[in-house]
Amino acid sequence: MARFTPENEALAREVIARYPRPKSATIPLCHLAQEQDGYLTEDAMAHVAELVGCTPAEVLGTASFYEMFKLHPVGKYCLNVCTNISCQLLGGEELLERAEERLGIRAGGTTPDGMVTLEDVECIAACTEAPAVQVNYRYVERITPEQLDTLIDDLRAGRSEVPPHGTLGTTRQRTAGRLANVTPPEQQGEPVWIARHRVAAEASGTGETS
Amino acid sequence: MNSPSGTGAAGGVGAAAEGVPAVVSSRFEVAEGHTLVGYKTSGSYRGYEALRAVLDMAPDAVTAQVKDATLLGRGGAGFPAGVKWGFCPPGVWPRYIVVNGDESEPGTFKDRLLMERDPHQLIEGCLIAAYAIGAAQVFLYVRGEMPHAQERIAAALNEAYEANLVGQNILGTDFSVDIVLHWGAGAYIVGEETALIESLEGNRGMPRLKPPFFPAAKGVYLQPTIVNNVETLSNLPWLFNHGVEAYRAVGTEASPGTRLIALSGHVNRPGVYEVPQGTTTFRELFEAEHYGAGIRDGNELKMFIPGGASAPWFFPEQVDLPLEGRVVGGEGSMLGSGAIVVMDHTTDAVRACLRVVRFFARESCGKCTPCREGTTWEEKILQRILDGHGRPSDIDLLLDVADNISPGPYPVAADPANGLDAVPFPPRQTTICPLGPSSVAPITSAIRRFRHEFEARITRRDPIPVTAEPVLVGAGAPADEVSDGAPDAASDGASARLRGTFDSGAPAVPADGPRVMSLGATPGTDAPDPGGSEPAEVRDAGAEDASPAAEEPTRKRGSFDV
Numbered sequence: 183m184a185r186f187t188p189e190n191e192a193l194a195r196e197v198i199a200r201y202p203r204p205k206s207a208t209i210p211l212c213h214l215a216q217e218q219d220g221y222l223t224e225d226a227m228a229h230v231a232e233l234v235g236c237t238p239a240e241v242l243g244t245a246s247f248y249e250m251f252k253l254h255p256v257g258k259y260c261l262n263v264c265t266n267i268s269c270q271l272l273g274g275e276e277l278l279e280r281a282e283e284r285l286g287i288r289a290g291g292t293t294p295d296g297m298v299t300l301e302d303v304e305c306i307a308a309c310t311e312a313p314a315v316q317v318n319y320r321y322v323e324r325i326t327p328e329q330l331d332t333l334i335d336d337l338r339a340g341r342s343e344v345p346p347h348g349t350l351g352t353t354r355q356r357t358a359g360r361l362a363n364v365t366p367p368e369q370q371g372e373p374v375w376i377a378r379h380r381v382a383a384e385a386s387g388t389g390e391t392s
Numbered sequence: 063m064n065s066p067s068g069t070g071a072a073g074g075v076g077a078a079a080e081g082v083p084a085v086v087s088s089r090f091e092v093a094e095g096h097t098l099v100g101y102k103t104s105g106s107y108r109g110y111e112a113l114r115a116v117l118d119m120a121p122d123a124v125t126a127q128v129k130d131a132t133l134l135g136r137g138g139a140g141f142p143a144g145v146k147w148g149f150c151p152p153g154v155w156p157r158y159i160v161v162n163g164d165e166s167e168p169g170t171f172k173d174r175l176l177m178e179r180d181p182h183q184l185i186e187g188c189l190i191a192a193y194a195i196g197a198a199q200v201f202l203y204v205r206g207e208m209p210h211a212q213e214r215i216a217a218a219l220n221e222a223y224e225a226n227l228v229g230q231n232i233l234g235t236d237f238s239v240d241i242v243l244h245w246g247a248g249a250y251i252v253g254e255e256t257a258l259i260e261s262l263e264g265n266r267g268m269p270r271l272k273p274p275f276f277p278a279a280k281g282v283y284l285q286p287t288i289v290n291n292v293e294t295l296s297n298l299p300w301l302f303n304h305g306v307e308a309y310r311a312v313g314t315e316a317s318p319g320t321r322l323i324a325l326s327g328h329v330n331r332p333g334v335y336e337v338p339q340g341t342t343t344f345r346e347l348f349e350a351e352h353y354g355a356g357i358r359d360g361n362e363l364k365m366f367i368p369g370g371a372s373a374p375w376f377f378p379e380q381v382d383l384p385l386e387g388r389v390v391g392g393e394g395s396m397l398g399s400g401a402i403v404v405m406d407h408t409t410d411a412v413r414a415c416l417r418v419v420r421f422f423a424r425e426s427c428g429k430c431t432p433c434r435e436g437t438t439w440e441e442k443i444l445q446r447i448l449d450g451h452g453r454p455s456d457i458d459l460l461l462d463v464a465d466n467i468s469p470g471p472y473p474v475a476a477d478p479a480n481g482l483d484a485v486p487f488p489p490r491q492t493t494i495c496p497l498g499p500s501s502v503a504p505i506t507s508a509i510r511r512f513r514h515e516f517e518a519r520i521t522r523r524d525p526i527p528v529t530a531e532p533v534l535v536g537a538g539a540p541a542d543e544v545s546d547g548a549p550d551a552a553s554d555g556a557s558a559r560l561r562g563t564f565d566s567g568a569p570a571v572p573a574d575g576p577r578v579m580s581l582g583a584t585p586g587t588d589a590p591d592p593g594g595s596e597p598a599e600v601r602d603a604g605a606e607d608a609s610p611a612a613e614e615p616t617r618k619r620g621s622f623d624v
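Chains as they are written, first to last, in our numbering: chain E, 183 to 392; chain L, 63 to 624.
The set of hints was computed from the structure by calculation and includes no laboratory data. Any given hint could turn out to be false.
[As the list claims (entries may be wrong)] The calculated lysine-lysine pairs, modelled on DSS-like cross-linking and capped at a C-alpha distance of 25 angstroms, are: (1) L:K129 x E:K205; (2) L:K129 x L:K280; (3) L:K129 x E:K252; (4) L:K272 x L:K129; (5) E:K205 x E:K252; (6) L:K102 x L:K280; (7) L:K272 x E:K205; (8) L:K442 x L:K429; (9) L:K280 x E:K205; (10) L:K429 x L:K272.
It should be emphasised that the depicted structure is a prediction, and the values quoted were computed from it without experimental measurement.
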């Protein structure tokens, strides 16, 4: 499992078709690869490169910039503890320490059983609901130390409804056969409704163009 | 939008105050507000009616109305959206719209709510903007770490395509546009518009140099591109339902309309509140029962960040300022992305400062040297101060590093107690984008106001307990304790203690309980001793003597014993 499965490759081609230039699909396809394998493998990056028409090094170059792309295996559940300012003020750093202790690993590490990877993350946009953590990017807000303990125990025991690491939004945008107007920029001209109003304005003598 | 919930399944959301229209938040508490039916049947207007009205107007007239309304960008810079739209060079096609939903400014939590709870509102906003500027395509860039928002938007887009509200010949007219949902992958810098465009093209999210070309002239695929924030576009449906006059009736002349403010930190009721721009004050936001309901535990306000982590800090003297971009800018900070972080007197200024700086150090993209190196060094220096390895020269070193990222006087709030005036926003920068200069904000803010805390961290050997009840220097504290306070440390016996022999300085150590330091609960009374310039020098000299002694054991272990 590393290159896309036939189903995922079909999905990948649908994603690419949404963009005027295929390379724009690099990040969405890396997400798809990560969803398939749990992390971003070298073979997957090579396959992404083939599909979007660039080199594997370019895909690696892009993927390595972004924190969500894991270039090595991670746990089934990524437990992200926010320690940024709003969460710090309400105990985020203490929660991280507690999680480290309970899991027996440092932030950035994975438990030996491969169930949980612990991360110390930057602001996850739940500031008014601090302190907050995410499990595979699903929020648990206003969490107490005791709730964190329970959450960790559940994750280690596999008692969680959260899909495994790599799966983000499970509802996908369906665009097959629906796209109206996606072509490379060179093939695009003035939109018809703009042209219609421009012609009308010119005819009426106001002469305004956009 | 009635009574705010405080704790909801996905977060507490506060209501607009009475008499304030819910421009963008009217469906936050509606269970089915995120569906097409919900959008058409609930909230402060009927969904997609504005689009129908707009499709009967000339595109230029739509832009003109947005200009007339003075719809200011809600992403941070506060630039008028209508003016931005007008920057597209005439006759150059295709044009694109990129929606900035990569919300990651620390303290900011509003775009996620808008995307999760009212995705159709955003979609209708996108359509109105696309019609006005003649966009071929809209890219809706949602932060990668928000799967719930991604799902809600995907579902809404699928519904909208199905209902012929997006795509080919929308509502039977000649207006056709595609809206494509795009996910990010975790990088704060991608919130900067040119970095967002790079990311959308499949590259590392590093900002582009501008000028010469701003995105409106050359953006995605080097075509004219309008980058707008989620909240900005979410204002459009209400605006075109209720009209420019109704929109301008809220807020002030220069900043009309409402804003979503994420109030977090040490308040009793943190939440996201829709407030009229310019007329609400910070005090009202902190104290009013329908907003923050006061500082937690009845504590004193120590400081607050008025506009996200990038904004210089404000202090109790600034609480009566209105939430108005220009006023706040003139007073040395910014409203930014509508994120207010409140810190009470138990907050450790050094620790808070380090936390914010560490964020910028981690998120620097590495393109510009002053930012890449500068933020990293700022973090290292602050960390060593916090760890007890600070050097007396570190405070000036921090300011020097900061000055290399943002030269000249950095925006900072006034400090009337010490006769210091505000330095107005914005900062100057030696970098392409404002990320580097933003890292300076907590440093200059904290050092200017709480220099004594930094000094205490550097010169005192024991950890500094931050107590709930600050003991004010000279306000009833035992004499020994007072003389132990850092600012007065140069008095008799100080030099001995400063050479790393705190323990032997018996008279200075109060036997009756932990030593405490005052933390700015009542600014002015406990500010660093204004006459402290001489003691500071003595202290520096003394501590400099101390540092080699402190390091010696480590060096021995490292170089001789092995």
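Status of the hints after comparison with the structure:
no.	hint	in the structure
1	L:K129 x E:K205	35 angstroms, violated
2	L:K129 x L:K280	22 angstroms, holds
3	L:K129 x E:K252	44 angstroms, violated
4	L:K272 x L:K129	24 angstroms, holds
5	E:K205 x E:K252	20 angstroms, holds
6	L:K102 x L:K280	36 angstroms, violated
7	L:K272 x E:K205	23 angstroms, holds
8	L:K442 x L:K429	20 angstroms, holds
9	L:K280 x E:K205	18 angstroms, holds
10	L:K429 x L:K272	14 angstroms, holds
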